[in-house]
Amino acid sequence: MAAPRESQSTRSPEPMAAVAASAAGPGTRAPAALALRVVAECGRSKARACELRLPHGTVATPVFMPVGTQGTMKGVTAAQLDSLGCRICLGNTYHLGMRPGPELIQKAGGLHGFMNWNQNLLTDSGGFQMVSLLALSEVTEEGVRFRSPYDGTEILLSPEKSVEIQNALGSDIMMQLDDVVSSTLTGSRVEEAMHRSIRWLDRCISANRRPDQQNLFAIIQGGLDPVLRSKCLEEMTKRDVPGFAIGGLSGGESKEQFWKMVTLSTDQLPREKPRYLMGVGYATDLVVCVALGCDMFDCVFPTRTARFGSALVPTGNLQLKKKQFAKDFQPIDEACTCPTCQRHTRAFLHALLHSNNTAALHHVTTHNIAYQLRLMDAIRTSIMEHRFPDFVRDFMKTMYGDLGRCPSWAVEALESVGIPLN
Amino acid sequence: MKLSLSKVAQGYRLGTLNNLGRKGDRTMEFPGCLLYTRTGSAPHLTHDTLQVISRVPVMTQLTLSSLAEHYEVLEEYKEGIGKFIGMPESMFYCSLHDPVNPCPAGYVTNKVLRSCVMIGVIEGGDILEERLRSARETAKRPVGGFLLDGFHGDAMTKETRLQLISAVTAELPEDKPRLICGIGQPDEVLECIEAGVDLFESFFPYQVTERGCALSFSFDYQPNPEDTLLQQNGEKEEGEIGDCIDKVTTTKRVPETSFEINLKEKKYRDDFGPVVEGCSCYCCKNHSRAYVHHLLVTNELLAGVLLMIHNFQHYFGFFCAIREALRKDRLGQLKELICRQAS
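As they're listed, the protein sequences go chains A and B.
Just so it is clear: in the first sequence, position 280 is 280 by this note's numbering, and no numbers are missing.
Just so it is clear: in the second sequence, position 124 is 1124 by this note's numbering, and no numbers are missing.
If we strip away everything but chain B, and leave its shape as in the complex, we get (with noise of 0.2 Å):
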């Protein structure tokens, strides 16, 4: 695995792993996020639904809790997990804990994996000292990489996270990639970005699927002010601003994050429109809001596959924009708009 920089500014990073997968052949750019599943396969999707998703990332999460237990099949299968979970073409990367459930401490299980590149993982809590040590001492050995544990949830406030991040990374070779592992957010992926993450989990869009929601925020920044100004003119652009704003304003009902809509609303009942205007998934090109409200409200499994579909979607698209804005020199303006879209 070899990591190549483009552009190194302002904390973040843009750039390319190279010689990734068996054949030493594959790449995966960074900033970017890797594909969530649980127990090998995306939530709700089979093959061919997650085939129409754009842009699915080249390297797929899976997590050690949720195949431990099928340890001893995996052993006597012998053909490696890929091909079991029928993902053969991808490359694993493999966490101790599920984002989505993570354990808690002290009930870790020790189970052996075959081969492959080591990620060091870093701890520390929210002491600066620690955090230093933990960064160091991992630095000095022969990992691949660098996972930034323990910054999810309500560990600490903010600013300490970005403060402790910063530190962290400025402690760790640059021609290592660094993940963070339970943060999804837009706004925060943002914000460890500047803080020199190169690699995020993509369990946020599960999350907002199971609770019936699809993801609506804006990525589509205008990186040309005379658009702008012919949007503050009344004019409807092509993209999904204006149309985000609206909603994101007219809701009564606040949503679990601000970057999402909540489909079971009453109001989406007879909305034929797609679930976001301009969004190019199997969803948004085949199914109205009102579908989808209908499947929610009926309890029907396609609700499932259809929001997941969407948002990852959704999600992997933004993580294209962020390398985007970052080749541009544009990634003030997306945060800008990510933060207006914050609640």
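With the rest of the complex left out, here is chain A (with noise of 0.2 Å):
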């Protein structure tokens, strides 16, 4: 079963069972449904571009996931997605193990099936969504305790229960169930939780019944404080487990200690095992954490903004909606590639806007998802080519129109991987 590691190249696609074996160590199970390669390191940030092999194909990273909640990206087709070089997108657990349900899923041939996406597909575990969307959900060592929204029943999803969701789902990645609190909180509760999601993590793994199909990530927790959250990598990192997410942000914290605990993270996760930094999609977000050694990324902020027709561009957004767009006959943006770039005005988007045909929606939605791809493919290709750094440059200026005017937390992880913005 495993090559000789002497066999492995970065230039040759390495067989994912070799990569895997190698990176487990001698005398490990069957191989992994992932696999990882490093293809360019940026030699001075810790950015990288990689290749994830994954069951429903080769993802390149740095990659951007979008979020399509219910089993749909919104009005864009999975043709239309496919056809926009989405490699991987999302789908929530905890809104489909609602409706239509794992049983219905299931039988209709996972959610790739359901919903007719050959493409990869991560879902996470359903806890987030409980924890921030019901009024009453009740945490205890079993799981996460609440009430349907729909019909009432109390329901509880444990580790045990999040995971025979997503082996019903059958997503190429899937999240451990954690238990999350907010980036904000202080005090036991923070350590509680990260304690309680090593614990959980370990059920989880025992839980999926379908490893070399499913790839399932630990999530790092452990909040704002680096004791606690080095201890949780400590520990998870000891878990065989084919990838990593750093949880517990993108909350209501500060973009000072954000960034340092995204940097603190990185630095203690190994570096054949792809890092997975969860609710990031704000495009200067994503290029410093890029640079602090991410390489997967969500975020509903792209396709949700679009619905109230914010169109993304280099320097910020349009409010396409507002009167300034009524007579301006450029496209979103002039150097996108994107079907709605190539055929329409903002003026004509400005105009269906105030309409109540929801192809206005489905024009932006299209936009945003291709400027966030087009993004990360640009950051990728600059890593490759060795020029990270003056891509970070580049687009930092073009963002903030002057160097000066960058967001000082930027400025700060920029320098700290060795980037200084001036």
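Any given hint might turn out to be false.
Claimed, not checked - Some but not every residue of chain A turned toward chain B, in silico, with C-beta under 8 Å:
#  : residue
1  : K74
2  : G75
3  : A78
4  : R99
5  : L104
6  : Q106
7  : A108
8  : G110
9  : F114
10 : A326
11 : P331
12 : N357
13 : T366
14 : K397
Simulated from the structure, these hints should not be mistaken for laboratory data.
Computed from a predicted structure; not experimentally measured.
Glycine included, C-beta positions come from ideal geometry on N, C-alpha and C.
Bring the two chains, given one by one in their own frames, into a single complex with the hints.
Given below as structure tokens:
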């Protein structure tokens, strides 16, 4: 099964079995459903460009994963999403677990079959939604207890139950159930949640019935406390999981605290496994966090803001519903190759957004997804061409007009990894 | 614009409108329909999703009511409505009203459009004398075609409507197209065609979409009596007839019209078949009834997109079948099939 380690080369694609075996050490179990190959590293910052091989194909990283909450990317069809170049997107276990439920989805051939999406899927555990969406949810060692908002029945989402649902969904990457606490919370609850997340990780690993088809990722917790986070990292990296997510951030914490926890986490995560930073999607955050060593990102922001008529551009965003765009005959972005920008003007989109034709939303959603994917592609290319630091500077200048006007947290974060902004 | 008839019989006409478009090289077949839009865009559909539909009409209907407020913008744009809405290749028919939200009488605004072929509107309510007067007078004017207005809704009984339409079209020159607004149901479309109408709007599939329904009526009439015999003997044909009738009779809750199914119904929750068996639209080729049901139940935007694709394709296919039936002198059979499915 295992190919000799000496035969590994960064030039030729490595068989999944070989990579998994070498990463995990001799005498390991069956080949993992994931293989990461580091194609290029920045050399100054911690940025890297990789190839992530998953059951439904290879994903180039750094990657932004759009969120298709209920098994649909809002008004964008699976075919359109595919042609935009998306190779992995998210589904939400909580929503899909409620409607239409795991049994039905399994009957449909998993979430891939149900939504007819043949690329990769990542599902979260459902934990975050429950804690954030439900007024009454109670966390115990067992799991998260709550009442269904649809029929009032009491439900317990345990680590085992979450993995069971995700096994039925058949996602390529699934997330452990973690004990999620607000990032602004302090005190013993944070420590309790961190330790409980480790125990829940072990329960999730045991409960995974399809480890050779579905990759279970751990989620590093510990809030904004470096000691707790380091402890969590120390423990979780002892587990044989194919990838790690950095969780518990992207809440209400300050950006200063945020980036410090991100960089602390990547410092202590293995090089050969993907690092997934959850809930991050603003362009600046993506660029900085790639510099800090993250590979994968997800966020509802681009697709959600689209439905309010807000189009993403290198200088920020355009609120297309505003009067100033009524006679603006440029496309959203001259340099954008998405179908919306190829055919339509801001003026037309402005007019359409003021009608009740949903096509308006789909135009902007398509563009925003294209924007995010193009941004990641540009980041990746710059890393491979050994000019990532210059890319970062150009990006910041375009976004903020003046390097002096960049947010200080971003300046400090980039400085810390060898990319000064002046 | 030049109209050429290939067949005229029992009231109906089959033919083409030629020399259309800026270069005068485009053609439109009739009986046919126009592509329904809202604010210059097919409902729910971007260019990409509109492209996946078969037989999209070459002529698009714009409504003045939705575009009038953008008059100043269009003036400044200078490159015409087609390019503005991202349909530079299409031809346009601009109606005063939107058939889905027609303006109440007396609220029509006065906006001037660029010069184009003018369609004369025939009014007259349910009074024969008025209708004839309107038809004769309008026919005297140098119009490019005629719009039969005021025949939709509950304005009059079905019998009166058809009598009046026939009487009106009898007064109109043969060589100009006759459009009718507000008529979209398959059975009514056929009746109007028999009464001499050539062109229709396609708002009906949009209305079906908005109520979460999918057009499921069959227009696959059986010209071959042997096939019909085989059908009666129980052998399943590729066509939609058997399936369609089964669904109509087993439905517990009556949908808005008998030409559609309501995918919100619980029974579709775990139905993994296509929306309509045998349909080759993007929705039916890629998705199941269960998935569309899920999208409807969860209020997802994609439901509208997929249903609009299916409903438009189904409807345009119906018009294609009408032309085919006329070519083969089988209108009676098509009419019988459609009437069988009418409630």
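Right, here's what the structure says about each hint:
1. K74: holds, 5 Å
2. G75: holds, 4 Å
3. A78: holds, 7 Å
4. R99: OK, holds: R99/A within 8 Å of chain B, min 6 Å.
5. L104: Check passed: Cβ of L104/A comes within 6 Å of chain B, closer than 8 Å.
6. Q106: violated, 11 Å
7. A108: holds, 6 Å
8. G110: violated, 13 Å
9. F114: This interface hint holds because 6 Å falls under the 8 Å limit.
10. A326: holds, 6 Å
11. P331: violated, 11 Å
12. N357: The hint holds - N357/A has a Cβ within 8 Å of chain B, the shortest such distance being about 5 Å.
13. T366: T366/A check passes; min Cβ-Cβ to chain B is 7 Å, inside 8 Å.
14. K397: violated, 33 Å
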